[in-house]
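Q: Since the structure of chain S is provided, determine the placement of chain U on it from the hints.
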Amino acid sequence: MNKAIITVVGQDTVGIIARVCTYLSDHRVNVLDISQTIIDGFFNMMMIVDYAKADEEFGTIVDDLDALGEDIGVRIRCQREEIFTKMHRV
Amino acid sequence: MLNIMEVHETNQMIEQEKLDVRTITMGISLLDCAAGTVDETCANVYDKITRYAKDLVPTGEAIERDYGIPIVNKRITVTPISLVGASSCRSTKDFVKIAHAMDRAAKECGVDLIGGYSALVSKSMTPAEELLIRSLPQALSETDIVCSSVNVGSTKTGIDMNAVELLGHVIKDIAAATADNDSYGCVKFVAFCNVPDDNPFMAGGFHGVTEGDAVINVGVSGPGVVSRALDAAKGKDFEFLCETIKRTAFKITRVGQLVAQEASRRLGIPFGIIDLSLAPTPAVGDSVGEVLEKIGLEQVGAPGTTAALAMLNDQVKKGGIMASSYVGGLSGAFIPVSEDKNMIDAAGSGCLTIEKLEAMTCVCSVGLDMIAIPGDTTAATISGLIADEAAIGMVNQKTTAVRVIPVVGKGVGEQANFGGLMGYAPIMPVNKASCAAFVTRGGRIPAPIHSFKN
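Those protein sequence lines, which keep their order, are chains S and U.
Once you know that position 24 of the first sequence is 24 in UniProt numbering, the rest is easy, because the numbers rise by one and skip nothing.
Once you know that position 53 of the second sequence is 53 in UniProt numbering, the rest is easy, because the numbers rise by one and skip nothing.
Isolated chain U, as found in the complex:
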């Protein structure tokens, strides 16, 4: 039978150490919504989303109350819209209409974000996919909670450099279209390499074409819990440290698994995966940076940061994997600068640079995430950043991503505010040497030799 200390430990995690379930995300296939006209497609999209997800928020809230565990976000992901709109969209404006339909449907359901205004162009772009990408500045500035992602490369296909080059310009245009709001539109867009089909986190979540009609995916959190557990590991060796992280990750993930199964049962929708990522928030004590500092770094960004992060990421997975029947999504430590108090401080003091962050992305999930850069950064430089991250993902057979915000009108030394869970960030300096002649060559970078496994 449970004892009082175990019950106290769980409630301490929830109340003091900010243990929560970060998101319950319902994936919905919209492949059957494609129609001959845009208006018909929009109506189908709106109807299906609102029909499937109408009980998502109340169900999430009921689970929160029954178990006493906060579920911070309830979200929806849908089939990449470039596929859904391909049969009916003839212009960027047509695609924007679908973005508005998604926005309205998501608001009707009461969720906080909807992802899937996306295109998968890892080899090259169809005309519809290119239209969707070109529609992003208008789509992301005119809607409130629609998120977008574009997969520009994979280990199997190489990197579509035409898309990478185009995205540099598109990100600049999104920033300009939302200039009044610290270029907030860019917060809702991620460029990926090796994107997973079942990611419950935003802005990169979408419902992959390999998925079923609908699915429930859950993202857990808990850097605060890991951080508190590490207090007991101060001065101890790596074996003790790793055991502590693994045990904590197991406990966190079991809660996620419970919530996922319960949500799946109550909604009558199959359970997909648990995403094991440690997801920080800007709140004090809910920081992956703090965990790294407790492992032994004076500040994130110091030499040793990459090794510490590699170890943390691996132990989180090892602990979490036994706690869940199905693990997927991104599953690793997130390092979004603006959403992590200690990362923000380290970026502000100059200890953490974009180059160091790039190295860190080789050993953890995602990539250059939520990084504010000067508004005058050129489109080619942004394409260069995307190409570098995509290359890391392609060669290392892992997911990488870029979510940078070129904040219009601001430069190094200033700060961008995105609000809420998106946080705030000092503008970080970017290497100014040009890569224009590289990113504008056209065509694609071939798949690496070790991808030929057949």
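Okay, chain S solo, but in the shape it has when bound:
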């Protein structure tokens, strides 16, 4: 399993999760967990995904999601999980 964290931050609008999930499904990225909350008045969504069977290079997925975020008007980041686990887990 190759885990990555996708975060979406911005103004809440209709269809954000749908569009992100459509992209992920098209490229065989499996969603393991989704959570969302409001931080400082902004919509925050986090997805834990498995990209082991993805049909694109990880870097391409990062760039595609970034572009999708610009299209929707939110910030979408996709990062490999280790940067978070290393920082927050001893």
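Since the hints were made in silico from the structure, they are not lab data.
There may be inaccurate statements among the hints.
Stated by the list, open to error - Here are the simulated lysine to aspartate or glutamate pairs, EDC-like style, with alpha carbons at most 20 Å apart:
hint	chain 1	residue 1	chain 2	residue 2
1	U	K234	U	E298
2	U	K236	U	E298
3	S	K3	U	E6
4	S	K3	U	E9
5	U	K107	U	E61
6	S	K3	U	E298
7	S	K3	U	E64
None of the values given here were measured: they were computed from a predicted structure.
A: Here is chain U on its own, set in the frame of chain S:
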């Protein structure tokens, strides 16, 4: 499993608080590049650097993208060139040829700086080392991204005062050779005492002779993250303050460790060390000075600054040391005046003086760093500044350094601009009483009594 607040905290550090990995530095041994002629040596140097480091920049960029963490600089350090060129260089011009080969190779690899045009002369200079030092004005003015350092002393050997005296003149000559550009050449040169072999930061980085064939060292950063964390410590006691700094340093260093291991794996080159230094930039909110002010000083330079810095430095190390398998390099808070917004302001207002900076260097890494001084400062005075810093390092068994820029044509009240991460600095006044009779005595200052430990 990770929760959304932890993920948010990490991304907040990166996006709002300027958390980054300051540098991935590849150290390359050039000992096997020494040849019988200069041209052959230059060809070997160019070939080995470009062969080993050709994938450094693309690999760094791929790691940035995969983890979403900026890696600001990709750099190269090499074996001190005084050793590599000793067999073939018969003049300063010969050494300059090697500097050009380094410059070309580094540009071919796309890195931003290459360090190691260096000499280790803590006891005394060989003819080759003296030639390299005398070549510095030409080498640093004719190349763009070559950095140089000279180690003039150590706790074990004492201080080579002949080299210290010579460097006063050489620094003046570098300043004159780059006078059109606010004496920028001096930004690329540091004089050290107790220099470490594995420093990934510039201008003082080189690949020590005790190192292997190639190594990956990483320098982390993050004064902005520490500063933001300290907002929660306002009005609290020292225990709370120290815990906050330690915890933050741990998190920052873990990111550095991850990047270092990943770079090492992808490049197939062993991981060396993480340098735990808090390295500022001139950007607002990325300042060690600001951290000190949040600890409780009206402005950096006020009484209490040295104690605050000592505490900060110690907590950064205590937090960072558990986050990494190998810690090395300089590892402490940097206080480069021109690269730190709050230091620049404090120097401009007169609150921060060279004398106070000298005291601060007793308790943190490096030394008098990125300080612009009047262009008419004498060579002997510059040697005196170097000797003072070297003495602090020698007696306290720590690294100290001097990177001062005597800005040709400018005096106190004016400002020097170095551009980019090098920043800008007000010209600071220097004590004008002469130390010429001291620095020109010749010979060396013996090693201190507590260095005899065998």
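Q: The structure should be examined with respect to each hint, and the outcome stated for every one.
A: Hints versus structure:
With a CA separation close to 14 Å, the supplied pair K234/U and E298/U stays within the 20 Å bound. Taking the CA atoms of K236/U and E298/U, the gap is near 17 Å; set against the 20 Å cutoff, the hint holds. Only pairs whose Cα atoms come within 20 Å are accepted, and K3/S paired with E6/U is accepted, the gap being roughly 16 Å. The suggested pairing of K3/S with E9/U holds, with an alpha-carbon distance near 19 Å, which does not exceed 20 Å.
The suggested pairing of K107/U with E61/U holds, with an alpha-carbon distance near 16 Å, which does not exceed 20 Å. Taken as a hint, the K3/S and E298/U pair is broken in the structure, with Cα atoms around 46 Å apart against an allowance of 20 Å. At most 20 Å may separate the alpha-carbon atoms for a hinted pair to count; K3/S and E64/U meet this at roughly 17 Å.
Checked against the numbered hints above, the structure violates only hint 6.
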